[in-house]
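Asker: Quick mapping for you: the protein sequence lines, in order, are chains Z and P.
Note that the numbering used here gives residue 141 to position 141 of the first sequence, counting from 1, and the numbers run on in steps of one.
Position in the second sequence (from 1) plus 1000 gives the number in the numbering used here.
Don't read these hints as lab results, they were simulated from the structure.
A virtual CB, placed ideally from N, CA and C, is assigned to each residue, including glycine.
Heads up, some of the hints might be wrong.
[Claimed, not checked] Dumping the calculated DSS-like pairs for lysine-lysine here, alpha-carbon to alpha-carbon at most 30 Å:
id: 1; chain 1: Z; residue 1: K59; chain 2: P; residue 2: K1254
id: 2; chain 1: P; residue 1: K1321; chain 2: Z; residue 2: K63
id: 3; chain 1: Z; residue 1: K110; chain 2: P; residue 2: K1355
id: 4; chain 1: P; residue 1: K1173; chain 2: P; residue 2: K1355
id: 5; chain 1: P; residue 1: K1331; chain 2: P; residue 2: K1321
[Said to hold, decoys possible] Not close to chain P: a few residues of chain Z, all C-beta gaps over 12 Å, as computed:
id: 6; residue: G50
id: 7; residue: E70
id: 8; residue: D79
id: 9; residue: Q84
id: 10; residue: D98
id: 11; residue: A109
id: 12; residue: G138
id: 13; residue: S146
[Claimed, not checked] Short derived list, chain P residues pointing at chain Z, Cβ under 10 Å:
id: 14; residue: C1016
id: 15; residue: T1206
id: 16; residue: P1267
id: 17; residue: A1271
id: 18; residue: N1297
id: 19; residue: A1329
id: 20; residue: K1331
id: 21; residue: K1355
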Amino acid sequence: MNEVGVYLGGEGRNELGGRAPAAPYDDSGEIGLIEALLRKVQESGWVVVGAKTWCRIVKLRVKPPAAADERNVLALALDAKRAQARILAFVRDADDNDQRVRIIEAAIAKAAQMYPEVGIIGGTAVPVLEAWVLAMSGEFRTEKLSKAAAQTQARVQGFQSTDGMVQVAQGMTVSAIPRDAESLNQWLSRARETLPRLVELQLHEPS
Amino acid sequence: MSDDYIKRVDIQRYGCARNVSVNLSPIHALIGPNDSGKSTILRAVRTAAQFAAGKFEVDTTIPFNPMMGRDDDGQRVALHYGDKLAYILENRGQGGIWESVSEHHRRVLADANSRMWNVPGLLSKPSELASVHTLASRLTTATMLRLDPNALREPAPQILSQEPVRFSDERGKGLASVYQAINTRDVDAFVALRDRVRSLFPTVRTLRVPTVQNNAVALQIELTDGTLVPADAVSEGLLYFLGYAAIQHLERTKLLLVEEPENGLHPARIAEIVKILREISERTQVIIATHSPLVVNELQGSEVSVITRNAESGTQAVLLKDVPGFDDAMKVYQPGEFWVSYCDGAQEEPLLTGKSAHE
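This is chain Z alone, in the form it adopts within the complex:
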């Protein structure tokens, strides 16, 4: 396979499209926001080889680990490795939780150390995925919104559906995203650092 394998992780249909198992009957090939963003960075040379929703990461302990989010990032990276993906791309809502943002950043660094063969394009959507979509449509100060406010505004502007979000992502200009949308810009920066490089590497690897 000359295409780079990408493994996706997200909370549900908005991030993963038809790959979210909540709708297994959906074989329309609907893509989610993560795939749409990756296509903006690198149109071709990669293919999705697997996906998992956050809630499907197995957690079977009576007393959950203190850093559950860290464990989940590591579990996704392990899944990506087992799926022989070169890249793990995921996003997790911050949900107004500053500690989660820090934990996931630390988890990304830890996963990169534990699984150097998997490039990680990950991060938290501050305060929530809908705020990213607002930023993509040109809104400023989206990270100052509460989770509820971001979701309401997205609904008012008519792109709370997966299809609506994907259309915004497909129609945006990356350079026009406001600089204060820090979590989105950081995620895209990671995507630009990782995806084209690994696609290029894969092209020159013997089949």
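Since the structure of chain Z is provided, determine the placement of chain P on it from the hints.
Answerer: Showing chain P alone in chain Z's frame:
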């Protein structure tokens, strides 16, 4: 437990186990899809232990007994305690059932068409051979348990002072008399059991074992508010816990076979039961068949075997620690979580091949 346990069992042509070797540890769990052969492996071990004790009866609760009444030979169960110490049971068809110890001692037990006998076997008679003597102490006391709350709550005849303390059957019948005997013979042990129950069931003040009709005893729970709860009203979870907690005080058994210890238990209680079984395994080998990842979470990869079955090779066994990616996965998952993350309930292919599971 040093060398005092079965390190490997080899089974040929016993039920669905055509040719399988299972490495074991002092406490060991068999996991795998339904109908893969986990219970068959336990029964093969139990069959060998029953023959070793010199008494074997057809178990009418089991729909078939593959060791009996077959014309074809080649059925074999070998329990290996070490490189040179093994108990082997073989069905030679018309040649009868043979048992041997370390290949140096053989005797015909009975012809293969017998369905019940009570004949002293190799291990049940005194012997000058050290190997026979060693195995006799390890194998002739084996207990199989599949606790059933209906059996656990039944009244039972008192166990007299000279009688061994044990359940009446593998379902746990006789629990009341077991606690009566513990209370009579070792008050400190009874108090320790009571305290252990109270730590997990805070509404319980104490256990009682009053005499009821026909000199039988029955289990009774006294709650902290003074209410007396008769056995038929005691919760199943508490009954299961009482059953497992009592095992350490039964007549010393060197081999305990347990089917699905997780049955009827709240998830938060399963770790405590496995803890009890691990304590038991310091003196008694414990082999478990389980469907519970919470049980497996309490064990190490070397203490779990993945049992699968296919049409070509029959039942097969692989230690969990030997499946691809196990070490990697232990950085993220507990063993039971790892199993559930990649099992498929059929051939367990993602688990056994190291690949990704399908969403």
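Asker: Taking the numbered hints from earlier one at a time, note which ones the structure violates and give those numbers from smallest to largest.
Answerer: Checked against the structure, the hints that fail are numbers 1, 4, 6, 7, 8, 9, 14, 15, while the rest are satisfied.
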